[in-house]
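**Student:** Given next are the chains, with one letter for each unit.
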Amino acid sequence: MPLSMTTEGDSVTIVRLTGTDEVRQHLSEIGFVVGDRVTVISNSSGNMILQVKEGRIALDRKMANRIQVGLSAE
Amino acid sequence: MAIRIALAGNPNSGKTTLFNSLTGSNQYVGNWPGVTVEKKGGTLKGNKEVEIQDLPGIYSLSPYTLEEVVSRQYLVTDRPDGILNIVDGTNIERNLYLTTQLAELGIPMVVAVNMMDLVRKKGDRIDIGALGKALGCEAVEIAALKGEGNQEAAAKAVAAAKAGKAAPSAVFEEDVETALQKISEQIKGSVPENLSRWYAVKLFERDEKVVADLKLSADRLGAIEREIEAVEKAQDDDSESIITNQRYQFIAKVLAGAVKKAGGKHGLTVSDKVDRIVTNRILGLPIFAVVMFLVYAIAMGGWAISIGTMGTNFANDVIFGEWVPGLFDTILGALGVAEGSVVYGLIQDGIVAGVGAVLGFVPQMLVLFLLLAILEDIGYMSRVAFVMDRIFRQFGLSGKSFIPCLVATGCGIPGIMASRTIENDRDRKLTVMTTTFMPCGAKLPIIGLVAGAIFGESPWVAVSAYFIGIGSVVLSGIILKKFKAFAGEPSPFVMELPAYHVPSVGNVLRATWERGWSFIKRAGSVIVISSVVIWFLSSFGTVDGNFGLVDDLWENVDDAYIESVAQDMDISADEVVAMDDSLLAGVGNVIAPVFRPLGFGKWRATVATITGLVAKEEVVGTFGVLYNYEGEELSENGDEIWDNVRADFPAAVGGFAFMIFNLLCAPCFAAIGAIKREMNNAKWTWAAIGYMTAWAYVLALITYQVVGLILGQVAFGFGTIIGFLLLAGLIYLLVRKGYVPEEGARNLTSVQAAR
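Those protein sequences? They're chains A and B, same order as listed. One point on numbering: in numbering that gives the first Met the number 0, the residue at position 23 of the first sequence is 22, and numbering is uninterrupted. One point on numbering: in numbering that gives the first Met the number 0, the residue at position 474 of the second sequence is 473, and numbering is uninterrupted.
One thing to keep in mind: the hints can contain errors.
One side only, chain A facing chain B, incomplete, derived with CB under 10 Å [unchecked claim]:
1) ARG23
2) GLN24
3) HIS25
4) LEU26
5) SER27
6) VAL33
7) SER41
8) SER44
9) GLN50
10) LYS52
11) ALA57
12) LYS61
13) MET62
The hints are simulated quantities; they were obtained by calculation from the structure and are not laboratory data. Positions of the beta carbon are idealized from the N, C-alpha and C atoms, including for glycine.
Make a model of the complete structure from these sequences and hints.
**Tutor:** Below you can see the structure in the form of structure tokens.
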């Protein structure tokens with residue numbers, strides 16, 4: 000499911016990045032890597048703050064829709 | 000020969016803090032990404048041979064925004080002798096991504112792991128020796144803000160640069176490394192030896208710019224392509240992703256051997272809890288509004304807690320009302336300069352009155368800058384950008400456009416430059432056009448004057464000025480986005496939020512002082528000169544056919560002449576003063592009709608508005624010179640000038656319209672220069688200035704005519720009709736269906752546009 004559909008407190012695994020090469024590349028560079036876990040700090044109608052690695056990244060809904068995630072097994 | 004060391008690292012990793020500490024300079028540090036948008040140089044303290052370059056923060060060497068291009072250009076083309084790579088120890092995994100790219104440049108490098116104090120506080124341990132070994136370069140621990148290890152890091156970087164050796168580790172898996180090796184062979188001779196690995200990786204990633212630059216033969220390109228495809232097939236992924244993923248895998252391996260985490264990190268930090276509240280969908284905006292209201296009320300309101308206003312009142316009434324004029328009276332008296340002479344008039348009525356009127360606002364300004372600096376340093380402002388993104392986006396702007404606006408509340412010029420962090424070219428241009436709508440420091444005296452003289456120090460005037468600025472940016476966004484040149488979706492919003500921290504006293508005071516001092520410096524230079532010019536033009540003129548000092552000539556005129564002047568100016572005879580016959584009044588009276596529909600068509604306000612182009616403070620400086628005329632004596636205190644100002648704005652709403660126009664119209668010459676540099680195009684520059692001035696005029700006219708009518712301060716007339724027509728036109732522009740671009744057809748990025 001897209002990252003924008005997760006709720007506060009969820010810890011999810013990144014399955015796939017979509018969008019143009021440039022956008023995917025930028026997402027990877029700031030820490031969104033397939034297979035990594037991210038934690039949802041807050042989500043207000045798709046605009047989210049996430050814990051990505053050790054940092055906090057703010058995304059708007061459009062960007063959050065480009066990140067496909069699955070619920071973590073852990 | 001000088002040794003050049005470049006500071007490179009992720010945004011907000013502490014490069015500028017380190018730079019200040021190493022060079023002893025005072026560059027502005029802010030707790031949000033993108034504070035440094037241009038590279039800045041300085042010499043290392045204690046070693047004049049070493050030149051330090053502070054580069055804009057970047058996440059990678061594949062440029063996504065304009066400031067990344069600046070850094071990449073410098074590192075690849077200008078090639079510093081050494082790189083000091085600053086790594087944020089609290090987010091080391093992400094930060095090392097750039098490190099793996101920097102290592103490929105073949106430049107000697109030292110990795111400085113910053114914020115070690117915070118890392119230790121968390122209980123994590125970093126084996127710095129093992130880290131350096133794994134990365135193939137020396138690594139050191141520093142805490143830049145506390146000054147721990149800064150000099151040692153610089154010394155190591157200098158030593159590495161002198162040694163001139165760079166030995167990048169093998170980051171990638173075997174098949175990729177083999178392919179890179181083969182690509183290197185293909186480009187041997189076409190690229191500098193030490194950049195061979197960097198170019199090989201870029202070719203492997205099929206970086207279009209590099210492919211175009213190298214102009215390789217079709218044969219070689221074919222051979223390279225075969226290598227890439229073989230790896231892609233084996234790994235079942237595209238080459239760019241392979242490189243990215245393997246970089247992270249390499250980093251994970253490095254960290255596994257060098258970092259021991261205290262563990263049990265899950266759970267929300269205080270920062271996270273605060274973020275849930277201040278970026279809340281419902282509460283986010285009201286919280287921001289309340290915060291800004293308090294900031295402006297404390298700095299510029301008329302309340303018991305408004306320390307800024309108290310300081311300014313003291314400065315106006317006592318320092319520049321009594322002490323300074325008194326002091327100059329004594330000095331001039333001792334020098335034998337008679338009161339009423341030209342020299343006396345020049346110094347007292349020109350320089351002291353003009354500069355004093357501007358400097359009187361320094362207390363308000365310092366308090367405002369101090370409060371804003373605290374908000375910035377805490378880290379609140381980057382949250383505001385995120386909160387505003389949701390609102391801006393509905394109007395087709397990105398929240399990133401809000402950061403330049405925030406910077407512009409200090410000074411418009413860095414605000415205009417901060418637009419470089421915006422990825423999309425149209426949005427960047429749009430932001431450059433609108434960011435100076437924000438009330439910068441130099442406009443504060445205008446706000447303070449209008450609030451104080453006409454609205455009894457109501458805090459709402461200053462707060463409204465701030466929100467009129469934001470409102471103008473938003474409304475302009477809506478209107479302009481409907482035109483073809485700006486149409487299209489804004490780029491998606493991605494921004495790192497730095498952790499909140501207790502503001503550093505040094506940082507906050509430095510930011511406050513820097514902005515305040517540049518204001519004071521301008522008062523001592525530009526404002527002195529303009530005040531002198533204004534004084535001359537307002538003191539000399541032709542009275543009844545004779546040219547000279549108007550005050551002297553005025554003593555001999557008869558009532559019939561006064562009556563004729565009054566008629567020319569359309570005022571009653573007892574309002575006429577000598578200055579109304581000055582050269583300046585002559586010029587002002589010609590232009591004044593332009594501003595009459597806005598409610599301030601008197602020549603003084605007109606002249607003040609025009610002098611605002613030199614510097615916005617000069618609007619008030621001009622008032623200081625021009626309204627200082629009461630009687631033979633210099634006014635005893637600021638209140639008298641305020642009384643005179645009030646008399647020129649019979650309708651209070653006219654004063655408000657005056658403020659609106661001066662806040663929003665074309666910025667000062669220096670800012671126009673900055674717009675020209677950022678637009679890099681004369682047509683766009685003129686379009687920007689023309690748009691701002693037109694916007695200011697329309698808004699001020701509507702305010703005076705329509706709001707004035709509603710409040711009962713302005714009578715119905717021809718102007719009212721124009722006002723309503725403009726209002727209707729404005730609403731039409733806001734709600735009309737705009738130009739809809741074809742899908743994806745016009746998504747030029749800033750980086751592409753700059754090529």
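**Student:** Next, verify each hint and record whether it holds.
**Tutor:** Hint by hint, here is what the structure shows:
no. : hint  : in the structure
1   : ARG23 : holds (8 Å)
2   : GLN24 : holds (6 Å)
3   : HIS25 : holds (5 Å)
4   : LEU26 : holds (7 Å)
5   : SER27 : holds (4 Å)
6   : VAL33 : holds (7 Å)
7   : SER41 : holds (5 Å)
8   : SER44 : holds (6 Å)
9   : GLN50 : holds (8 Å)
10  : LYS52 : holds (5 Å)
11  : ALA57 : holds (4 Å)
12  : LYS61 : holds (4 Å)
13  : MET62 : holds (4 Å)
In summary, the structure agrees with every hint in the numbered list given earlier.
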